[in-house]
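My request is simple: use the sequences and hints to build the entire structure.
In our numbering, the protein residues as written are 1 to 213.
Hints listed in this document are in silico derivations from the structure and should not be mistaken for laboratory results.
Because the structure is a prediction, the values reported are computed rather than measured.
Accuracy of the hints is not assured; some may be wrong.
[As the list claims (entries may be wrong)] Computed cross-link-like contacts, DSS-like style, restricted to lysine-lysine with a CA-CA straight-line distance of at most 25 Å:
#1 Lys5 with Lys97
#2 Lys5 with Lys156
#3 Lys97 with Lys7
#4 Lys7 with Lys156
#5 Lys97 with Lys156
#6 Lys7 with Lys142
#7 Lys5 with Lys151
#8 Lys97 with Lys151
[Said to hold, decoys possible] Here are the computed distance ranges between Cβ atoms for each label pair:
#9 Glu41 with Ser143: 42 to 52 Å
#10 Glu146 with Asn78: 22 to 32 Å
#11 Leu210 with Trp26: 16 to 26 Å
#12 Val176 with Trp100: 13 to 23 Å
#13 Trp100 with Gly58: 43 to 53 Å
#14 Pro38 with Thr4: 44 to 54 Å
Backbone N, C-alpha and C define an ideal beta-carbon position, used for all residues, glycine too.
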Amino acid sequence: MERTKEKVQYLRVRNLCGLLGVILPWLALFSAGIAEHPSPEWWWSISATYYQSPALVGVLIPASIVLITYVGYDKLDNWVTTLSGIFGLGVVLFPCKVSWLDESLRVGFFQVPMDISNIIHTICAAVFFILLAYNSICLFTKSGGELTPRKQIRNKVYRICGWGMVALELLFAINVFLPTPGYITMIVEIILLHLFGISWLVKGEAIKWLNDN
Numbered sequence: 001m002e003r004t005k006e007k008v009q010y011l012r013v014r015n016l017c018g019l020l021g022v023i024l025p026w027l028a029l030f031s032a033g034i035a036e037h038p039s040p041e042w043w044w045s046i047s048a049t050y051y052q053s054p055a056l057v058g059v060l061i062p063a064s065i066v067l068i069t070y071v072g073y074d075k076l077d078n079w080v081t082t083l084s085g086i087f088g089l090g091v092v093l094f095p096c097k098v099s100w101l102d103e104s105l106r107v108g109f110f111q112v113p114m115d116i117s118n119i120i121h122t123i124c125a126a127v128f129f130i131l132l133a134y135n136s137i138c139l140f141t142k143s144g145g146e147l148t149p150r151k152q153i154r155n156k157v158y159r160i161c162g163w164g165m166v167a168l169e170l171l172f173a174i175n176v177f178l179p180t181p182g183y184i185t186m187i188v189e190i191i192l193l194h195l196f197g198i199s200w201l202v203k204g205e206a207i208k209w210l211n212d213n
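Listed below in structure tokens is the structure:
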């Protein structure tokens, strides 16, 4: 009975992580969209909605805490999820820069100049998604027993989500050096968060037809 309760708790934690990842971009867009807009560029990235709405802080902080406190199967699992949560907190504590505010303005929890905060924010966001991708590709695909047909399908989903995140991270890097429309960042972030969310929802057995009977 205790093992069943423990499994249910694990599944709830995973599903909570996945759900928070999926709803974050839409909640941030909606919440920021009904606020006053100091610039037409407010919707160019989810990070920029930090200055418009509490949604980013309200969703990413709980998700990061869940990741930090998540107990995995082994030490590597624990380290990856804990570090993911720490860097997720870094994304919130060190906001990005925006065009409608002066770069020397002090922002975030530690009140550092915006241009410095942006550098830390970018590094934290990059490492956050790289760790989530690694988790999906290398840890979620592990199996302690026989690889059932549905487990093989789940592993394909994990790898698609993980490698998708890696590919989008590379696109982010390329986007820095190419004159692309500003809203491309928002599109990439939405897809990244959905890949993360889907991976965790599958791991949490929220998609019933992928589960072993």
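Comparing the hints with the structure gives:
1. Lys5 with Lys97: violated (45 Å)
2. Lys5 with Lys156: violated (28 Å)
3. Lys97 with Lys7: violated (42 Å)
4. Lys7 with Lys156: Distance of about 23 Å is within 25 Å: holds.
5. Lys97 with Lys156: violated (37 Å)
6. Lys7 with Lys142: Given that 25 Å is the threshold and the Cα spacing comes to 17 Å, the pair holds.
7. Lys5 with Lys151: This hinted pair holds, its Cα atoms lying about 22 Å apart.
8. Lys97 with Lys151: Violated - the C-alpha atoms of Lys151 and Lys97 are around 42 Å apart, more than 25 Å.
9. Glu41 with Ser143: 42 to 52 Å: Holds, since Glu41 and Ser143 (Cβ atoms, about 46 Å apart) stay within the stated range.
10. Glu146 with Asn78: 22 to 32 Å: holds (25 Å)
11. Leu210 with Trp26: 16 to 26 Å: holds (23 Å)
12. Val176 with Trp100: 13 to 23 Å: holds (20 Å)
13. Trp100 with Gly58: 43 to 53 Å: For Gly58 against Trp100, whose Cβ atoms are near 22 Å apart, the range 43 to 53 Å is violated.
14. Pro38 with Thr4: 44 to 54 Å: Because 52 Å falls inside the window, the suggested range holds.
The structure does not agree with the numbered hints 1, 2, 3, 5, 8, 13 stated previously, though it agrees with the rest.
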